[in-house]
Amino acid sequence: MERFIEPCCDKCVHSRENPCEKFVECRLTGPLCHESEECARKRKAIIEKYSHSEDYLHH
Amino acid sequence: MYEKQILICAGTGCISSGTMDVSEALEEELKKHNLQDKVRIILSGCHGFCEKGPIFIVYPEDIFYCEVTAEDMPELVEEHLVNGNTVDRLLYKDPVTGDSITSHLEIPFYKYQQRVILRNCGVIDPENIDEYIIRGGYMGLRKALNMQSPDIIDAIKSSGLRGLGGAGFPAGRKWETAYKTESDKKYVICNADEGDPGAFMDRSVLEGDPHSVLEGLMIAGKATGSDEAYVYVRAEYPLAVRRLRKAIAQAEEYGLIGENILNSGFNFKINVKEGAGAFVCGESTALVRSIEGKRGMPQPLPRPRTTEVGLWKKPTLLNNVKTLSVVPQIIDKGPDWFASYGSENCRGTAVFALTGKTNRSGLIEVPMGIELGKIIYDIGGGIPGGRSFKAVQTGGPSGGCLPESKLDLNVDFDTLLEAGSMMGSGGMVVLDDTTCMVDVARYFLDFTFEESCGQCIPCRLGTQQMLQVLNDICEGRGREGDIELLLELGEYIIKGSICGLGKTAPNPVLSTIRYFRDEYELHIKDKHCSALACKELISFRIDQEKCKGCGRCRKDCPAGAISGEKKEPHVIDMEKCTKCGVCYENCPDKFSAVEIVTGKENIPVHS
Numbered sequence: 001m002e003r004f005i006e007p008c009c010d011k012c013v014h015s016r017e018n019p020c021e022k023f024v025e026c027r028l029t030g031p032l033c034h035e036s037e038e039c040a041r042k043r044k045a046i047i048e049k050y051s052h053s054e055d056y057l058h059h
Numbered sequence: 001m002y003e004k005q006i007l008i009c010a011g012t013g014c015i016s017s018g019t020m021d022v023s024e025a026l027e028e029e030l031k032k033h034n035l036q037d038k039v040r041i042i043l044s045g046c047h048g049f050c051e052k053g054p055i056f057i058v059y060p061e062d063i064f065y066c067e068v069t070a071e072d073m074p075e076l077v078e079e080h081l082v083n084g085n086t087v088d089r090l091l092y093k094d095p096v097t098g099d100s101i102t103s104h105l106e107i108p109f110y111k112y113q114q115r116v117i118l119r120n121c122g123v124i125d126p127e128n129i130d131e132y133i134i135r136g137g138y139m140g141l142r143k144a145l146n147m148q149s150p151d152i153i154d155a156i157k158s159s160g161l162r163g164l165g166g167a168g169f170p171a172g173r174k175w176e177t178a179y180k181t182e183s184d185k186k187y188v189i190c191n192a193d194e195g196d197p198g199a200f201m202d203r204s205v206l207e208g209d210p211h212s213v214l215e216g217l218m219i220a221g222k223a224t225g226s227d228e229a230y231v232y233v234r235a236e237y238p239l240a241v242r243r244l245r246k247a248i249a250q251a252e253e254y255g256l257i258g259e260n261i262l263n264s265g266f267n268f269k270i271n272v273k274e275g276a277g278a279f280v281c282g283e284s285t286a287l288v289r290s291i292e293g294k295r296g297m298p299q300p301l302p303r304p305r306t307t308e309v310g311l312w313k314k315p316t317l318l319n320n321v322k323t324l325s326v327v328p329q330i331i332d333k334g335p336d337w338f339a340s341y342g343s344e345n346c347r348g349t350a351v352f353a354l355t356g357k358t359n360r361s362g363l364i365e366v367p368m369g370i371e372l373g374k375i376i377y378d379i380g381g382g383i384p385g386g387r388s389f390k391a392v393q394t395g396g397p398s399g400g401c402l403p404e405s406k407l408d409l410n411v412d413f414d415t416l417l418e419a420g421s422m423m424g425s426g427g428m429v430v431l432d433d434t435t436c437m438v439d440v441a442r443y444f445l446d447f448t449f450e451e452s453c454g455q456c457i458p459c460r461l462g463t464q465q466m467l468q469v470l471n472d473i474c475e476g477r478g479r480e481g482d483i484e485l486l487l488e489l490g491e492y493i494i495k496g497s498i499c500g501l502g503k504t505a506p507n508p509v510l511s512t513i514r515y516f517r518d519e520y521e522l523h524i525k526d527k528h529c530s531a532l533a534c535k536e537l538i539s540f541r542i543d544q545e546k547c548k549g550c551g552r553c554r555k556d557c558p559a560g561a562i563s564g565e566k567k568e569p570h571v572i573d574m575e576k577c578t579k580c581g582v583c584y585e586n587c588p589d590k591f592s593a594v595e596i597v598t599g600k601e602n603i604p605v606h607s
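For the record, the sequence lines run as chains G and E.
Quick note on numbering: the first sequence equals residues 1 to 59 in this note's numbering.
Quick note on numbering: the second sequence equals residues 1 to 607 in this note's numbering.
These aren't lab readings, by the way, just hints derived from the structure by calculation.
Computed from a predicted structure; not experimentally measured.
Here a beta-carbon is modelled for each residue, glycine too, at the ideal position from N, C-alpha and C.
Any given hint could be a false lead.
Which bits of chain E does chain G cover? Going by a derived footprint, with three or more residues having C-beta under 8 Å, they are [to be verified]:
no.: 1; segment: 59-72
no.: 2; segment: 244-254
no.: 3; segment: 257-266
no.: 4; segment: 589-595
Start from the sequences and build out the full structure, keeping to the hints where you can.
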């Protein structure tokens, strides 16, 4: 999972054709539809990759 | 995880100053030092401080380098990234204090700003939707999709948001009218036809944070019952257009634009329409006609509101770029959050392009109600070169000029109007004592005269007549009664024009007469321009006592207008003199023999 559009595992089914209502918040704090530390870590890795300063996440 | 992240400004200003060369050179240097996997380069949107570009910030330590070049990259990488030393010569040196400043947050230009609309500009990579989402993007849309239209409109109303394109009309009321007008089809339009000379606020938002505008459009669509939007943007903004199109494609890929967005049943399509650059197309009905493929001209009066009869005769909500871009935050963080910024009557913040005679200039964002003087002195650092403040022009060609006595004015839509100027889309040009106010009025009126669509007589011919009178005054043909004539013409144009362009065109003239009438009178009665800006009212003279006949002026004069024997006083032939000023500039300081004189009595003035 390098980008938010990519699924964390096969349980994530969000796509343009089959949209998930909670897609946005799921990418920030998820996964929301299943429990997986590995899937949560993947999301966090993307967020950390881009967070270049302390203020970045304080929006 | 990266050890360092380097933000390089890739707004239009910094790109023209060499950002892409800097980025390329940096990449090469990183490879040489095997740092390419440890250091990330982020090409961000505009930081606002364009005069110091290309801007280059190293995180996490927040070291601000400016005016960097590709040639600086080997030293920057070696010293900063490898050895951990700051490269002092590339730090920002404040022109007021002379201090070198390392963190951009300590630079007065940034320190006194409150960035709400511009919060992502210069912070994220605008071409990366993930960064926008991490910064809270699309959460406003997410919330709006679960709200009823009246609730969204209520939130906008209670936030106090007013249209940031210039007029300051309450946004929520406009949205309500569009919502309540029944129709099988409605549109939302983002007005990005930014045309004021020197203004680049909308361009910066589109270049630096395009997703915020798209999200705002979708929330507006959801609120008013529309499923389609247009962004009307000047074709002269190619970078903004490219980033906008890329953002649309990304949002479509993510399922955030299109059919059944986030499984809500809400569909929304966003189109981009490039305008040909006519200033009048910023007027709502002219803009609508332009999108329809017709000549961009305002619709004659009486005309229905665009919110009732707009694009292809359907109800159309039209908002400015900045207005739409702040909407997602209002929905996400709540109306009270937004209302906590600004003044009693004007909530939120305002974005200005602070330019002209200030020590620091660029794009700034401040709370509504801030004192005018704080913008010019705290953020702008005051007037450079030991000169003094004379006036500030706000609102572009539709605005006016305010004198020193108005520096304590609390800037918002209403106070600026009362003072004879206007907020407009946010142009703010600071003028010093070398500026002739009659000439400034002439410059702005010439702009609106050129940009008049010519449809209505008061605007087409009225501005031409006013311009002729101003030309006469500036060229020494001013007559008694010209000021009264300008006032009368201005009143007729305001009353008789059919659109905002004509109705505001006389403002620069009227405001300069209001505050600088003595300058007009001096021009007319004494043919005197104290700022030495009106060429026809000045001439050059060589003081026969001071001139030692060094011959410098004679040799440098491009018109061959100066004669004299070596070591004898020289003279200027006024028939040949083109008033270029080279003799004045080049006369050695120890002689200072060349004088500029103005007025009927040829009074010498020190420029």
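Which of the listed hints are broken here? 4
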